[in-house]
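A.B. asks: Generate coordinates for the entire structure from the input sequences, incorporating the hints supplied.
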Amino acid sequence: MTTIEAGISTSTGPRIGENASRPDGVPKVTGDFAFSSDLHHDRMLWGATLRSPHAAARILGIDVGPALAIDGVHAVLTHEDVPGRATYGLEHRDQPVLAADVVRYEGEPVAVVAADHPDTARCALAAIHVDWEPTEPLVDPALAEAAEPIHPDGNVIRRIHLRHGDQSAADQPDLVSVEGTYEVGMQDQAFLGPESGLAVPDDDGGVDLYVATQWLHVDRDQVAACLGLPDEKVRLTLAGVGGAFGAREDLSLHVHLCLLALRTGRPVKMSYGREESFHGHVHRHPARMWYRHHATSDGDLVRVEAHLLLDGGAYASSSGAVIANATCFAAGPYHVPSVEIEGVVVRTDNPPCGAMRGFGAVQTCFAHEAQMDRLADALGMDPVALRLRNALEPGDRLATGQVITGTLPVAEVLRACADHPSGAVGPDEPMARPGGAGRTADTEHVVRGEAVALGFKNLMFSEGFDDSSAARCVLHDGVATITCACAEVGQGFVTLVGQIAGEVLGVDEVILAPVETASIGSAGSTSASRQTWMSGGAVQLACVAVRRELLAGVAADHGVSADDLVLVDGRVISLPGDGSGDPDLSLDLSLEEVTVEPVEADVVHRHAPTSPLDADGQGDAHVSFAVSAHRAIVDVDPDLGLVRVVELTTAQDVGRVLHPLQALGQLEGGAAQGVGLAVMEEVQVANGHIRNASFTDYLIPTALDMPSLEVAALIEQPEPGAPFGAKGIGEPPCISSTAAVVGALRNATGLDLARVPVRPADIALAGQPEAEVS
Amino acid sequence: MTIATSIDDACAALDAHPGSLVLAGGTDLMVEVNRGTRSIDHVVAVDRIPELRGWSRDGDHGQVLRIGAGTTCADLAEPTIASLVPALAQAARTVGSPQIRNAATLGGNLATASPAGDTLPVLAALDAEVELRSVDGTRRLSLDEFVVGVKANALVPGELIVAIRVPVLDGPQEFLKVGTRNAMVIAVTSLALVVDQPGRTVRVALGSVAPVPVRAVEAEVLAAEQLDFDGLTAPDTDLVDRFADLVADAARPIDDHRSSAAYRRHAVGVLARRALARAFSGRDPEGGTA
Amino acid sequence: MTTTSPDGAFTLIVNGTLRPVVDAHPGESLLFVLRERLGLAGSKNACEEGECGSCTVRLDGETVCSCLVLAGAAAGRDVVTIEGLTMEAGVSAEPGLSPVQQAFLDAGAVQCGFCTPGLLMAIDALLDAESDPDDLTVREAISGNLCRCTGYGRILDAVDRAAAVRRAEVTP
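Chains as they are written, first to last, in the numbering used here: chain E, 1 to 774; chain R, 1001 to 1290; chain Z, 2001 to 2172.
Treat the hints with care, as some may be off.
[Unchecked claim] Pair ranges (Cβ atoms, derived):
{"no.": "1", "chain 1": "R", "residue 1": "Arg1038", "chain 2": "E", "residue 2": "His476", "range": "56 to 64 angstroms"}
{"no.": "2", "chain 1": "Z", "residue 1": "Ile2013", "chain 2": "E", "residue 2": "Arg43", "range": "42 to 50 angstroms"}
{"no.": "3", "chain 1": "Z", "residue 1": "Asp2134", "chain 2": "R", "residue 2": "Thr1237", "range": "35 to 43 angstroms"}
{"no.": "4", "chain 1": "E", "residue 1": "Gly767", "chain 2": "R", "residue 2": "Asp1170", "range": "50 to 58 angstroms"}
[Stated by the list, open to error] Looking from chain Z toward chain E, a few residues come up when the C-beta cut is under 7 angstroms (computed):
{"no.": "5", "residue": "Thr2003"}
{"no.": "6", "residue": "Ala2046"}
{"no.": "7", "residue": "Thr2150"}
{"no.": "8", "residue": "Gly2151"}
Please keep in mind that the hints were generated in silico from the structure rather than gathered at the bench.
This structure is a prediction, so every number in the text was calculated from the model and none was measured.
A virtual CB, placed ideally from N, CA and C, is assigned to each residue, including glycine.
C.D. replies: So this is what it looks like as structure tokens:
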């Protein structure tokens, strides 16, 4: 089998706004699609990683001799074998490729081996002797700031103190105030395709790395630096990605594989097992959040105060950006004239945390929506009415002082969702009740609850990151070839490319070139709901540039004005004359005949510049925003605390729908992750140790745990400056969904439920002294 | 590896290769092999032995059901056998996933002897007997003689589980399992309740609240004394409360990453209440709900 | 009684073809052998502990997790993988695709695609057993197949479509 696809060809097809076929769909349903874990090379060796069993320890010595002596072992490498930079990282290069004298989290890589069979590699790992001196791990984020630094960069990764408006606004009389403390546990991205890749050394001291990732070029930059090689000697090609959700934004096995390949002179493959995967990638930041909301007795929000503490774990990853997001959007999509938020992300010896879909806004949405319900209760107001009364509108100022200059239909989204008729029926079937096949509940044991929640966040990167994406279009013999390094992780960018090229160029056939660093510049990360805007925009620009050049050439050749020419269905056609050209001349040429000489364009697409946040967290830091609402109806068995989400309804601000089925896929998939965080997903960490590093005990929703998603409305208000007016849609679905489900649980049970995931004991034992579960 | 096609072959192979692993469905063993925590030396595969699958009626009046150890969880949910031992069918339906149920065997569930093994509380409530065979002959052990500790069974080297014997009872049966997800989940706690109307007994066994399945003996005594075995009429609230408390008292749960002792003890009481209410609801006696 | 030869050699029957295996290590699962020795990487390795269904194959007609089958113990038994599903395909729009595969494409049920082969195997088995399953029945039948991308919505729709196509094929 398998090699990297030479290029994926799309057929003639539906244009923007229609359900074009996925160009990678057929191989995915036949089993032919080459995921990174499917790669195979006849001469390949198997790589494996030795990881720290301790959350914190000193390394007094590493003896690799016994491992090297095993027959079939070709290399055993430690930090001493890293020729370039010893550390890497997205924001700060603070993470060692291989630990040298200290480890800071359970699972931190210490050594890597290459052998002729995975079993041999496993034996080699067991034979490496590490002289450990375990130390007491720092595991409570509340103690991190005052504690001895566990890293030269210190224990505070970033602090933001956001102040907006009149800071004494809460001093006015007759305000209603509500306060709460909320907690979000550590969620995992739990993509199905394990971390995996294949590194192939060349004859010139360079290496080709085939790997599943979200951002090829940033990976390449870090890998090249650690290998001490120039960029052109480190070539990354995107292998098939089995989901990402943020977990592939950081390096995992990239440098390790390349080191092994370069050392052995052989191709080396590595594929993490599931347990290893839990240790091998970053997770969602656990958060503790204290909030206080102040409002007039009529329900106008006056001031929101919050303290946010995020546990970044051992290394920084993208924690700085996560806390910025959490802080910026902490008050929710509401107009709040006075805001003070302190957001801190700290370093501990817990598993490192970084990007996960929703990126800080998930945590604060859970809190601010709980607060809004608390406030509604205190005011005697309907929760939806309270939200509507305070809903942000275009032209309003955010807590960062930035004015909303684009679209943001908060009230429309909320009304569409809240007013949508419910189709929920009673749980007649035992299998449909909480407990499922466990048959724990009869109908009289089940209580139903309902709630609505709103959430929003930014689209794309912020704070002056100066994001861009590169694309190339080549039109030759009537066929368009698009090159763009955007990582397809399942979201369907590959489909969109065909739709864009088809719409702009009228082509019948669009070929997607292999995604590799050697062919083109960075497309940026597949994250932050940015790729449709950035890479879709780059592809559009490249195609538009080709069209312009092509039509100019045809016009010149035939003595007509380029303005009179259009590209339709694989042909160049002249419009009826409007007086500017010869009315008797009508052109109808095939694209094939006018592109015997290729026409090509290379572009880099940028968005409008953004600014950093100042010392008060103020600044025009974001490009665009999107809002979503969810309504959840849940059935609860209060005596056992078991839950069934019966119905989920959503409305979302999407700008423009480019592909209805793929859009629905994002909404449904994101909602499932939100449900998971609400009722079942948590990486349980005790003293730095992950207790449930398997799918046996890290539970994600099965088909019996997810209801159907009802889409009340996709609100299409085209976003100025966005290609096609389309907003990114991937993240909002997992933001307001968690809050809605827990709100519904509160409605059903009358309990506070200030922590997610809600565990059965949180409901069943509420109020009992033993209710504190470890 | 030996792929055995008869029980005698399997026993001979176990005798010839001491320390062999017995492989039926592989749903527990292969997890360990894949993880690297169990190395394979000699394996005796028993999943092609026809005599290990299926069931038959035994005893003077056919009141004993003899189930082959190689019978899968999917097999146990089939209507014929489900009507004879409804609680076992209910338990089998909660094991893993459809794929797991096609492979996982009753014998394997017993041999693994996990505190959370789904069929074990049912077998305990039924006072099941485990039939073992080796080249030295056959012996039978009661369930509590066989499951002796956490993942510990009483097999001696060379021995194979060949069948499980359970009574065919006349009366309602219930199996309830608590898990944090609606499918494919390890039991946080479970309860099996079987009624023998002519014998005027209720037997209750608990899972995941002790190293081995636990019979709630005091609750059973109370039930035998006080419940209406003729009409299966619903007991009064006070009796239900006492029954549930006694069941909860029989549990010896621990805190672990799946749940807490406090929740488990509480949950077991709730399950007891509900199972009793279903069995004693004044309905015509039948084998519970499948 | 069969005894496999001690040097890790045995023959599997995969998708109707005899496939000899040599030099297999003792603990290799059927999944590993399919993927790494027989070039059939369509069955996936998301968890290798029977908790995700991405490795689902048919073994003597029953859907099982191939990661939990010891390869040598499957010698001589009938193994059908996703690659075999494609070959068996009947009438559909795309040549060589079964109704379930085509339905997945039409319904938008494929995102990253890692769960797809396992799901197709499970659904194919379901529709063999039941021609018009209701929503709960479908959900229970695929409860052993985790999907992280789709939230199952489009997958449920694909099953409805495939079931309808298969019923239409049966009725003349």
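A.B. asks: Quick check: which numbered hints come out false for this structure?
C.D. replies: 2, 4 and 5
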